[in-house]
Amino acid sequence: MTTATRTSPRGRAPSRNAVFANGIMVAGFLYFILPLVWLILASTKTEAGLFDSFGYWFAAPFNLLQNISDVFARDHGVYLTWTRNTAIYALSAAVLSTVIAALAGYAFAVYDFRGRNAVFAIVVGSVFVPGSVVAVPLFMMMSNFGLSDTLLAVILPALVNPFGVYLMKVYAEHAIPRELIDAGRVDGASELRIFASIAFRLLAPGLVTVFLLSFVGAWNNYFLPLLLLGKSDLFTLSVGLAYWNSLATQPGSAQFLYALVVTASLMAIIPVTIAFFIVQRYWEGGLTVGGVKE
Amino acid sequence: MPYLFLSPFLVSFLAFVVYPLIYAANLSTTRTRIIGGTTFVGIDNYLRALSDDNFWTGVRNMVAFGIVQVPIMLGAALGAALLLDSGILKRPTVFRLVFFLPFAVPSVVAALVWGYLYGQSFGPIAQIARFLSLDPPLFITPATVIPSLANITTWQWTGYNMVIMYAALKAIPTELYEAARVDGASGLRIAWHIKIPAIAPAIMLTLVFSIIGTFQLFNEPNLFRITSPTVVGTNFTPNMYVYNLAFGNQQFDYSAAIAFTLAVVTALLVALVLGFNAWRRRRA
Chain A
1 MTTATRTSPR GRAPSRNAVF ANGIMVAGFL YFILPLVWLI LASTKTEAGL
51 FDSFGYWFAA PFNLLQNISD VFARDHGVYL TWTRNTAIYA LSAAVLSTVI
101 AALAGYAFAV YDFRGRNAVF AIVVGSVFVP GSVVAVPLFM MMSNFGLSDT
151 LLAVILPALV NPFGVYLMKV YAEHAIPREL IDAGRVDGAS ELRIFASIAF
201 RLLAPGLVTV FLLSFVGAWN NYFLPLLLLG KSDLFTLSVG LAYWNSLATQ
251 PGSAQFLYAL VVTASLMAII PVTIAFFIVQ RYWEGGLTVG GVKE
Chain B
1 MPYLFLSPFL VSFLAFVVYP LIYAANLSTT RTRIIGGTTF VGIDNYLRAL
51 SDDNFWTGVR NMVAFGIVQV PIMLGAALGA ALLLDSGILK RPTVFRLVFF
101 LPFAVPSVVA ALVWGYLYGQ SFGPIAQIAR FLSLDPPLFI TPATVIPSLA
151 NITTWQWTGY NMVIMYAALK AIPTELYEAA RVDGASGLRI AWHIKIPAIA
201 PAIMLTLVFS IIGTFQLFNE PNLFRITSPT VVGTNFTPNM YVYNLAFGNQ
251 QFDYSAAIAF TLAVVTALLV ALVLGFNAWR RRRA
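Top line first, the protein sequences correspond to chains A and B. For the record, in the first sequence the residue sitting at position 173 is 173 according to my numbering, with numbers rising by one throughout. For the record, in the second sequence the residue sitting at position 66 is 66 according to my numbering, with numbers rising by one throughout.
Wrong hints could be hidden among the right ones.
Unchecked claim - Label-pair restraints from in silico Cβ distances:
no.	chain 1	residue 1	chain 2	residue 2	range
1	A	L152	B	E175	29 to 39 Å
2	A	L192	B	E175	32 to 42 Å
3	A	L34	B	A271	54 to 64 Å
4	B	A271	A	F20	30 to 40 Å
5	B	E175	A	L34	33 to 43 Å
6	B	N277	A	L34	27 to 37 Å
Just so you know, the hints here were simulated from the structure itself, not pulled from any lab data. Positions of the beta carbon are idealized from the N, C-alpha and C atoms, including for glycine.
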């Protein structure tokens with residue numbers, strides 16, 4: 001345990017602690033990774049292979065590519081449609097709600113105006129409104145406006161991201177020096193120009209955080225799409241996977257679709273996982289600020 | 001000028017939060033019958049909710065769920081965050097990323113995968129049990145379904161809470177505990193007396209979000225319901241009850257009243273936790 005001795009000057013006892021600490025973390029590592037390892041292995045098996053082989057080892061034949069092509073072929077390629085729907089939903093929800101939250105957070109941080117604290121309190125308070133309270137009215141609103149079978153039905157409610165506004169406000173307070181804004185004003189730049197050319201860039205890490213949280217939130221959302229999207233060619237991946245799984249596991253009328261569902265599940269988590277690893281170094285900075293200031 | 005910046009948010013906030021809330025409040029005071037149409041019934045739906053066993057069974061389930069799951073999850077998240085921050089881990093970045101990874105997994109997929117892991121036919125846990133000539137454990141029975149679901153939630157959200165706490169830990173000025181370290185205070189004592197109090201606001205944030213999340217539980221039990229409809233009923237969680245009342249029975253009015261009652265129950269609990277925290281801090 002060289003690390004332990006290096007970081008602690010007090011000899012042997014802390015090094016035993018370090019062994020213990022690393023051991024606990026390794027156990028946690030296994031707990032978090034093993035379900036996904038199972039998923040990866042299961043995606044390489046045939047339907048029969050799933051039943052005949054040990055879950056944590058391979059089975060012949062190696063069926064991953066066949067499974068993937070089965071997923072794409074099923075129901076005339078509806079999986080690709082679901083992926084496209086989910087991508088449209090998650091990307092537009094994330095981009096728009098992040099920009100909206102940035103504008104609002106910036107306004108709360110930079111301007112003094114009547115009712116600011118009251119409005120901000122209401123916004124933050126709305127984080128606590130349970131989703132199920134507004135779900136039924138949203139469903140009715142969307143059908144009244146003829147949007148209930150369009151992706152807009154799920155994108156529009158996702159524009160409201162109160163936690164994002166909170167993070168952006170706190171972030172803007174830290175990241176944007178007032179002198180910079182005042183200097184912009186002296187130079188005669190309009191408020192919008194100051195925001196677009198000075199503030200926006202300084203807000204980047206906060207923007208990445210809010211974008212990522214809302215992207216994942218939308219990509220993984222199940223409740224609202226389940227309510228608002230009735231037609232199967234409008235399903236998101238979560239709703240579609242749950243539907244396929246219900247075909248696979250319904251007692252009595254089960255179809256043999258396990259290999260399909262397992263492979264489709266693996267394929268559904270890959271885009272978000274990749275997105276996370278690409279931007280992980282940027283986004284925690286945004287939370288650092290949000291986590292401390294209350 | 002600030003209103004120009006605020007307007008996109010405020011407009012969508014009014015349209016998709018405030019208006020639906022008013023709409024739901026209105027709806028919850030009416031009753032619609034096939035014969036007789038919609039009538040105003042005042043607080044009747046709420047009175048009915050207060051004595052509705054189907055609703056309170058769900059609430060009790062969630063209390064039983066949360067009272068064990070939330071402390072375990074947040075305790076694990078805090079422990080992991082402190083260890084990440086302590087500098088005694090060999091590969092902190094790997095641990096951090098892998099612990100956080102399940103957050104990127106949709107809850108539907110998490111419920112599917114764990115459902116298969118729990119399964120009797122090709123679940124690895126049952127396979128190992130049979131290999132050892134033991135009876136495969138049953139994960140989805142009336143007695144075991146709550147812990148089984150709690151495990152899925154813990155798997156998904158521990159890393160997320162850990163990252164929030166870790167971010168708060170990184171923001172503590174090191175001068176705060178460098179002196180204590182020089183004086184020979186152990187890492188454990190520094191964690192307990194300096195670091196945990198310093199990130200108390202972040203811990204409270206995760207606690208409040210976890211309580212709300214618990215009372216909103218829907219996805220995982222709703223998926224388990226497909227395979228085990230007798231164990232996971234239509235009112236297993238309050239949110240499933242809201243959903244099934246509205247979309248199974250077309251009782252949108254009563255469903256709205258249940259949703260509001262649930263919101264009030266949640267708010268009372270959150271207020272209780274925040275109040276207790278304020279009282280504790282005043283005493284300290």
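Verification of the supplied hints:
For the pair L152/A and E175/B, the supplied restraint of 29 to 39 Å is violated, since their beta-carbon distance comes to about 52 Å. A beta carbon spacing of about 41 Å between L192/A and E175/B agrees with the range 32 to 42 Å that was offered as a hint. For L34/A and A271/B, the hinted distance range of 54 to 64 Å is not satisfied, since their beta carbons lie about 39 Å from each other. Under the hint 30 to 40 Å, the C-beta atoms of A271/B and F20/A, about 39 Å apart, fit the expected range.
Separation of E175/B from L34/A is about 41 Å and conforms to the stated range, judged on CB atoms against 33 to 43 Å. One distance hint, 27 to 37 Å for the beta-carbon pair N277/B and L34/A, holds here, with the actual separation near 36 Å.
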